[in-house]
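K.L.:
Next come the chains, spelled out residue by residue.
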Amino acid sequence: MTDHSETAVLGKDSAPVIAEEELVEGSSLWKDAWARLRKNKVAVGSLVVFVLICLFCVLGPFLSPYDSNAQDLFSGAEGPSADHWFGTDTLGRDLMVRVMVGGRISLMVGLVATVVALAIGVIYGATAGYIGGKVDASMMRFVDLLYALPFTIFVILLMVAFGRSMWLMFVAIGCVEWLSMARIVRSGVLSLKKQEFVEAAVSLGYSHSRIILRHLIPNVLGPVIVIATLTVPAVMLLEAFLSFLGLGVQPPNASWGVLINEGQANMEIYPWLLLFPAAFFAVTLFCLNFIGDGLRDALDPKSAKD
Amino acid sequence: MLKFIALRLLQGMLVLLGIYAVTFVLVAATPGSPFSSERAIAPEILAQIEAFYGYDKPLGERFITSLGNVLQGEFGPSAVYANRTVTQIIAESFPVSIKLGSISLLLALVLGVPAGILAAVKRNTWLDYLPMSVSMAGICLPTFVMGPLLALVFGLILKMLPVAGWYGPEYVVLPATTLGLYYAAYFARLTRGGMLEMLNQDWVRTARAKGVPEHTIIWKHCLKGGLIPAITFLGPALAGIISGSFVVETIFQIPGLGQWFVRAALNRDDFLVLGLTVLFAAMIVIMNLLVDIVQVALNPRLKYD
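Quick note, the sequences are listed as chains S and A, same order. Going by my numbering, the first residue of the first sequence is number 1, and it counts up by one from there. Going by my numbering, the first residue of the second sequence is number 1, and it counts up by one from there.
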């Protein structure tokens with residue numbers, strides 16, 4: 001009983017408890033950032049909506065009575081109803097389940113491709129910034145060159161050349177989106193490496209990799225998190241673009257891009273087939289962009305408006 | 001300045017050469033052949049077809065010949081559409097894409113840049129919030145969502161504009177709006193950011209303290225620097241409009257380069273893919289060169305980077 005009442009008391013104001021736990025870890029930057037982020041109503045609202053969409057997509061298919069690929073040709077292309085909240089597509093498949101399953105793939109692309117981009121960008125940028133000099137100049141020149149290239153064309157050719165496998169697409173997109181990440185990490189490392197704590201680490205005889213991994217990268221984590229959050233919608237956009245052209249996720253698998261493509265093919269007669277997936281896709285991108293902006297303001301107060 | 005331009009030109013050539021090589025390898029690595037079809041073809045005939053297109057030669061030799069041809073402006077025959085050369089196809093569809101692309105880009109600039117300036121000058125009023133939330137919505141509605149939605153509303157429900165084809169001026173409206181709005185949103189946000197950075201400078205405060213009128217500060221002192229982010233974005237915007245045209249030309253059934261590219265990639269029309277890739281890349285390289293020059297002209301400090 002006593003245990004219960006104690007947790008109840010603690011539970012009442014759980015927010016300060018979380019804050020204190022973070023304080024114990026000694027990173028007051030993160031605590032400050034979290035406090036600032038919580039004040040940003042748009043960002044918090046976006047975060048809530050985004051989490052709800054994720055839950056909807058991940059858990060939804062388990063709760064729905066329909067299978068995403070089960071066809072019911074007798075109830076094909078019906079509008080939203082009590083049985084099928086989002087209606088059914090031309091093959092009689094329940095659209096709500098398809099939006100959920102498609103969302104899983106779209107969100108997974110966002111996650112996996114961003115991780116790929118993150119890994120390449122952070123390592124490349126940190127190395128360039130840390131070595132500096134001519135190596136840095138030529139490494140960043142290379143990034144500039146890649147920036148100027150028509151990448152979508154290459155992703156399209158890659159997809160045609162190596163089959164339309166989903167994992168290949170994840171990697172191909174990740175390989176395209178690492179450039180801004182590398183730039184940001186590099187400029188952060190460049191300004192940090194002249195500071196005293198790095199000098200101290202050097203004089204203690206630490207290895208280069210230890211200095212990069214333990215001392216420099218943690219200090220550029222803030223901007224990296226921001227750019228990663230903003231990379232997720234960019235990546236999802238590219239996936240949907242490819243799927244829309246028929247080069248990404250292949251039917252009967254669905255992603256939001258596939259569903260939008262199927263929807264626009266029949267939009268005159270069955271507009272809901274376009275509207276539901278398009279709405280989910282747009283709202284998700286909206287939320288991710290606002291979360292990214294909010295994180296930027298929270299982690300770098302100087303850049304905040306006024 | 002001349003040396004700078006010459007250097008960048010040389011670099012651009014090298015980039016194009018690299019792109020050509022990579023595309024060639026990718027196209028060659030694609031399984032299947034452009035000449036395979038549903039019907040079985042007698043092996044002798046297939047061999048003749050391959051010999052006609054030069055596919056019987058080893059890969060390295062093919063690369064050298066095709067590169068030599070491209071350098072002379074000859075992109076070769078279409079491997080799928082008999083009796084048509086890549087140059088013919090480009091000559092027919094390039095003007096269409098140029099028209100669509102330039103109207104879109106113009107629309108993006110005309111809508112985006114003034115909106116961004118206004119938002120920065122009137123910051124934190126509804127004249128800032130309104131355009132900025134509209135532009136956020138624009139960024140989150142990519143071309144392949146915006147296109148069908150516009151077609152649905154203005155074409156099918158209101159019946160004001162045609163939704164497909166490419167005949168008169170009214171056929172340009174929906175596709176150009178679809179392509180342009182997305183980049184208008186980007187230009188608005190970049191211009192706002194750039195102008196705000198300028199307006200927050202110490203020398204602006206000094207100018208205000210000295211009694212320089214606000215419009216002089218905005219138009220004479222801040223505009224030049226404030227537009228740099230938007231100008232830098234012109235290169236990526238052109239690249240984006242090209243790849244956006246793949247989608248928009250497919251949605252609105254426009255006979256431009258974008259639709260040809262998607263079809264060529266799917267049909268394994270090797271020469272057409274190569275020719276179009278080089279053309280797209282050349283346009284982007286030239287645009288980036290122009291952007292670099294304008295940037296250096298606006299901000300001479302960049303020259304020594």
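In case anyone wonders, no lab produced these hints; they're calculated from the structure. Hints should not be assumed to be uniformly reliable.
As the list claims (entries may be wrong) - In silico DSS-like pairs for lysine-lysine, Cα to Cα no more than 25 Å straight-line: (1) 134/S with 3/A; (2) 41/S with 122/A; (3) 210/A with 220/A; (4) 39/S with 220/A.
K.L.:
So, for every hint listed, does it hold in this structure?
P.N.:
For each hint, the structure was consulted:
1. 134/S with 3/A: 21 Å, holds
2. 41/S with 122/A: Status holds; Cα separation ~22 Å.
3. 210/A with 220/A: OK: residue 210/A and residue 220/A at ~15 Å, within 25 Å.
4. 39/S with 220/A: Answer violated: residue 39/S to residue 220/A is near 37 Å, above 25 Å.
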